[in-house]
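J.: What follows is the residue order along each chain.
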Amino acid sequence: MKNELPKLEISEKEGAIPKRKCCDIKPQKVLLNAVNQSALWSSWRMITFILMVNRQGQTRLSRYYQPVKLSQRVALEADVVRCCLSRKRDQCSFVEYKDFKLVFRQYAALYIVVGITDDENELSVYELLQNFVEVLDKYFSRVSELDIMFNLDRVHVILDEMIQNGHIVETNKSSILSPLTALDKMADS
Amino acid sequence: MSDVVEKTLTALPSLLSLDSQPGAAKLSSTSKLGSFIRGITELTSKHEEEKLIQQELAAIKDQASSPNTSMRQMKELMVRAIYCEMLGYEASFCYIHAIKLAQQGTALEKRVGYLSVALFLNESHELLLLLVNTVLKDLQSTNLIEVCMALTIVSQLFPKDMIPAILPLVEEKLTHPKEIIRRKAVLALYKFYLTAPNQVQHIHNKFRKALCDKDPGVMTASLHIYLQMIKENPEGYKDLTGSFVTILKQVVAGKLPMDYNYHSVPAPWLQIQLLRILSLLGKNDESTSGIMYEVLDESLRRAEMNHNITYAILYECVKCVYTIHPKAELLEKAAKCIGNFVLSPKINLKYIGLKALTYVVQQDPQLALQHQMTIIECLDHSDLIIKRETLELLFRITNAQNVTVIVEKMLEFLRTCQDDYTTMDLVGKVAEVAEKYAPNDNKWFIDTMNTMFSLGGDLMQPDIPNNFLKLLSEGFDSGEGDRKLRRFAVDSYVSLLQGEPGNLPQRFLQVISWVLGEYSHLRTDLEPATILNLLAKLLDLKHANSETKSWALMAMTKVCESEAGMAVLQGICEMHCSSMDTVLRQRAQELQNLSLHAELRAKVLPQDISMEPLEVDSSLSFLDEFVSEALAAGAAPYKAHHQRQEELAQEKVLSLEPYSLSLPIGMSSCSFPDRQSPTLPSVSSGLSGDSTDFSHKASATTLKLDKVKRVWGREGYLAKKEPAEEPALIEAHSPVHSADQVGEFSISQSQTSPPTVAAKQEKQQLASSLFVGLGSQTSESLMGKSELTPQMFRRKDKGQVSSLEVGKQTPNSVIPPPNSVDNLLCSILLDSNTDPETSLPAPKQNGIALLEGGQPESDMKTLETSPTRDSGRMAAETEEPVRTKDICLASYLPADCIGATHSEITPLCSSQSVDLFACHVHKEDCLVLVVFISNSSATRVRLLAQLDSEEVEVSCICESPVEEVRSHYVEVWQYSLTVKRPSVHLVVSGLVSFHMATGTPHTAKFSYKLPLISFIRPLTLSTEEYGTMWLAFSHDTKQNLTLITGVQDPLRATLNVLERKLHLHVVEIIGMEGIVACQLLQDQPCLMHCRVHAGTLAVWLRSTVPDLPDCLLYHCQRALQEH
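Residue numbers (this note's numbering), protein chains in the order written: chain A, 1 to 189; chain B, 1 to 1123.
What the hints contain is simulated information worked out from the structure, not anything from laboratory work.
Everything numeric in this text was worked out from a predicted model, so none of it was measured.
Be careful, since some hints might not be right.
[Unchecked claim] Derived CB-CB ranges, DEER-like:
(1) A:Arg142 x B:Gln912: 52 to 60 Å
(2) B:Glu480 x A:Leu85: 51 to 59 Å
(3) A:Lys88 x B:Lys46: 44 to 52 Å
(4) B:Glu48 x A:Lys88: 30 to 38 Å
(5) B:Asp239 x A:Arg142: 43 to 51 Å
(6) B:Gln54 x A:Leu85: 26 to 34 Å
(7) A:Leu85 x B:Glu963: 16 to 24 Å
(8) B:Asp420 x A:Leu85: 36 to 44 Å
[To be verified] Taking lysine-lysine and the BS3-like style, the derived pairs with C-alpha atoms no more than 30 Å apart in a straight line are:
(9) B:Lys160 x A:Lys69
(10) A:Lys101 x B:Lys231
(11) B:Lys100 x B:Lys209
For each residue, glycine too, the CB sits at the ideal point set by N, CA and C.
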């Protein structure tokens, strides 16, 4: 499989962002109780959350599709990041975590991690991440971590077009971007 | 359908072109947002982060509340707040500003407003109500972008109760000229369908239109709805199969516009969605499957392209091929496909291949044989997740012949496993297969269980040790086999305790205590004193918690017969009699007293073995008198803990709900104080019944409670979805190492063989032991004649026997016939000629007969049942099966419903071995719908139900309705019903979804019809009150009814009939006129004025509720006609 697509680049040199000490991220046990308790339909295959985290474990974007308390999120994220960072390159991009699975993909120093229920198709989600990054790349023309940080709202808008309520609702790049570009145009005029 | 593809999608980004360079990366590092972000990147410690964010939050709060803040600044503030929340710091003061921004902002500002609402709030947040108007306004906007935004937020979160307000507007958008609007409208309706399916029922034909939309995006969106609807009811959409197949064909052939391609694969996610739909439609349906063979074949063939996404499609395709009605040619291709996956050097593909294989072996175990060497390799893979998935696969192919090897592999993994959740899951699986397939070898079973208890520690589900103990106590076989197993367990535990029990987990220690207490007498060579000393050792363990200690004390109470141990005992009792722990103290007291009175002890704790279950009066009705006296003496009625909590909570929380919504809670918490007559036995046993849950819990595993219904409730002893485990070979470091373990199993032989033996040979050996018994004759003959290993445990399910075989119980049946489904399964395994039908337990057939033949009679007929179980059983002996079932189920009526009139119990729906019945109970102050779920299968079933009705408000009475029904068990759901809109008959419809332990979840619909009369209660009032009310009521109706003739006082006779049949209250009769009053629950009065005129009864009804007079009149008519 060729990976011709542009990879996410970091405009600053790695290391320019000071590393947070690892010990700051204390592994904590969090049970995502909420994940099992929602309505009837939520047991159906779906995406439960999406995270963007850098190698230092700092969250750059997070979106939950099932209710998770704010206080639990930090611990959950730290746990999830630990899970993914410990994976070696030759290991599987899917990890079991509690009663759901994580699918992650690394772009330069940025990791995108998705939590999915057990019956979702891991490979298709894995490719969805690539599609997401390609969309970002198209919009920001060579996206970097800083683009995401300074345009958090726009990245969220893009994500909302792609995933709703944990289901993949649009994958056509032009359809995904059209509402946002329309907004930008309106703002300019 | 073909126009879907014919039409090119050039128009799609018509909303606007993409040429404008987006406002990307305007790195306004001078702005506040910029400097904040810079601040975040420069953080070096948690402490700094906290300081920075607190500062930031203060600044945001300050600025947001200033009246001069422009919307543009507000937008920036919101983004900053989003950052803070993302890092875990609550910014709740911003929520209201987010809503304001959505309301007042324009373009991107508005979008950010909506976005922050979606990020900050959850679906049930009160503030969302404030958003409704904004959404309404935007939906009607002429600006397409605003409409888009409104539809987006609506499909993310919207208060359920407010859906009707915007539904027409959203519906209208389905025909909008712009594709993007139509697409988003469909997604919004999808969301509505998920949250409130009934609200969108009327637009189902519009969904079909969306499916045929000329824009592929709209069509794709509609598939979400269809996937969901088909999942719930595959039968209803079979006619669409052709359309789905056509769409898939066109997609696969690349007829969609280019921009739907992903890495030159046409619309991959759409393909996956379609394949999922097809597999649901084709499942167990030969003719429907026939339609899709061709396109599936095509999909499999397209798989040559080497890209992840094509593999993702292939995976879905393979699953589909194995789900629908099989076709040999396709199966072969799919199997080949799986082969490519598992053999792939790419680890992600290998993983997905294993997952596919795991799915497929459930249909076709032989496939595992083809890939056995690959599976063996994966077992030793360095990546844990691959190993884990392989074990999952092995778990699916476990049978009586390979169980020892597979269990060994699982335990090996458990020993290295760090993750709690995985441990829990795997321990459950080990327990399940060990119990299910254990060979006839006590040693293996006990050793395996020991290892499992040590490894599983205290993480395991409590039902695992419970099941194990149940198995030991109930036995599985002849008395001799049981004795041997118990004796073996005792041997094993004695030697464990003689060693170093210090690091055994609590649960294991408890199991050991119980077994020693119960069965140590089987070791005649050991003095009870020795056992006492061993148990006393447990009390001294530092890490033993008080629960474990009380188990040990209980065990000592059972063994303390001889004089020898007295000295030890006295010391122990003295020590623990002053313990801070009340349970421990009680146990010590018991021990002390019982050890001194041998006779009493023999009575309380009879030795062994009589399998007569103890009868426990779970309602504690013997306390009724005491309770009545206490109440009469002015004691406050008992309220369960949760009721008290609810009442407290209610007082504190400001209720924003309309009154009717808060009724159910109020009702359940008020009903007890309302009843001032403490002598009603049903009330007091209901009251005291609540408290029994707790008292039983402590001694749960030692009492045989099989006959007792409901006490075990939710948290009881769950059936064995996750059964106990059984490690065969125990490594030297294991605490339960037993010395004489030599190679009894092939796996250990390979371990002991000299290291020079080629590794390959070892693996082959492993393979042969792993895949033995998987299918074909040929493979068996290769292995030599593999004996069918006799199944060890044929568990006697006493619960089933006693609860279902009412009426033909022989009092002395010490060992009831083993007819559990476990046994059923193994007999099928052992002898495939056995017709499963014949071994079905008889009661099940009763159930079927009931469903087929039992005709629900007039729903107006009510049946007085006697409140006690005894008379219920007596009746059961004499009456036909239908009645038996009725009465059987009636005994499951909740305690507070016994005594009240209930309607006949009628079947609602059934699914495989789960049957649902229902009846309604007329209580004084409410109407309760009771649903019985009777599970006659051998496994736990998870159920979820949604009840809904246009005319009736349905609310669940219990806080958390039962979601799981154990094997051979009946659970009860209770709903309280209130009339929303009166009509002659009210229908409650519902949707249940069943999740069996095996097989895919499915759903069933049902409906239950109640006459309005069920909701009518007498209204007692004086003539004066009647007069004032009469004038105040606005809805009325008049009609002439027939008068009962041939009696002395026709008016009185007629009114008496009405009073009796319709539960009305006759207020007064003066001469030729009479006034009657009743109320519709809750508190909606209806008044009736009757006058005898020209041989007929002129009736005039008035009420506050529209339609109520008309409906009531109808019932009056019928009541008089029937008379």
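J.: All hints, please: hold or fail.
T.: Hints, one by one, checked against the model:
1. A:Arg142 x B:Gln912: 52 to 60 Å: holds (56 Å)
2. B:Glu480 x A:Leu85: 51 to 59 Å: Since glutamate 480 of chain B and leucine 85 of chain A have Cβ atoms about 58 Å apart, the given range 51 to 59 Å holds.
3. A:Lys88 x B:Lys46: 44 to 52 Å: This hint is violated: roughly 28 Å between Cβ atoms.
4. B:Glu48 x A:Lys88: 30 to 38 Å: Since the Cβ atoms of glutamate 48 of chain B and lysine 88 of chain A sit about 32 Å apart, the hinted range of 30 to 38 Å holds.
5. B:Asp239 x A:Arg142: 43 to 51 Å: For aspartate 239 of chain B and arginine 142 of chain A the Cβ distance comes to about 49 Å; the hint holds.
6. B:Gln54 x A:Leu85: 26 to 34 Å: Distance hint for glutamine 54 of chain B, leucine 85 of chain A holds at roughly 28 Å.
7. A:Leu85 x B:Glu963: 16 to 24 Å: violated (36 Å)
8. B:Asp420 x A:Leu85: 36 to 44 Å: violated (20 Å)
9. B:Lys160 x A:Lys69: With Cα atoms ~21 Å apart, lysine 160 of chain B and lysine 69 of chain A stay inside 30 Å; holds.
10. A:Lys101 x B:Lys231: holds (23 Å)
11. B:Lys100 x B:Lys209: violated (37 Å)
In the structure shown, a violation is registered for the earlier hints numbered 3, 7, 8 and 11, in ascending order.
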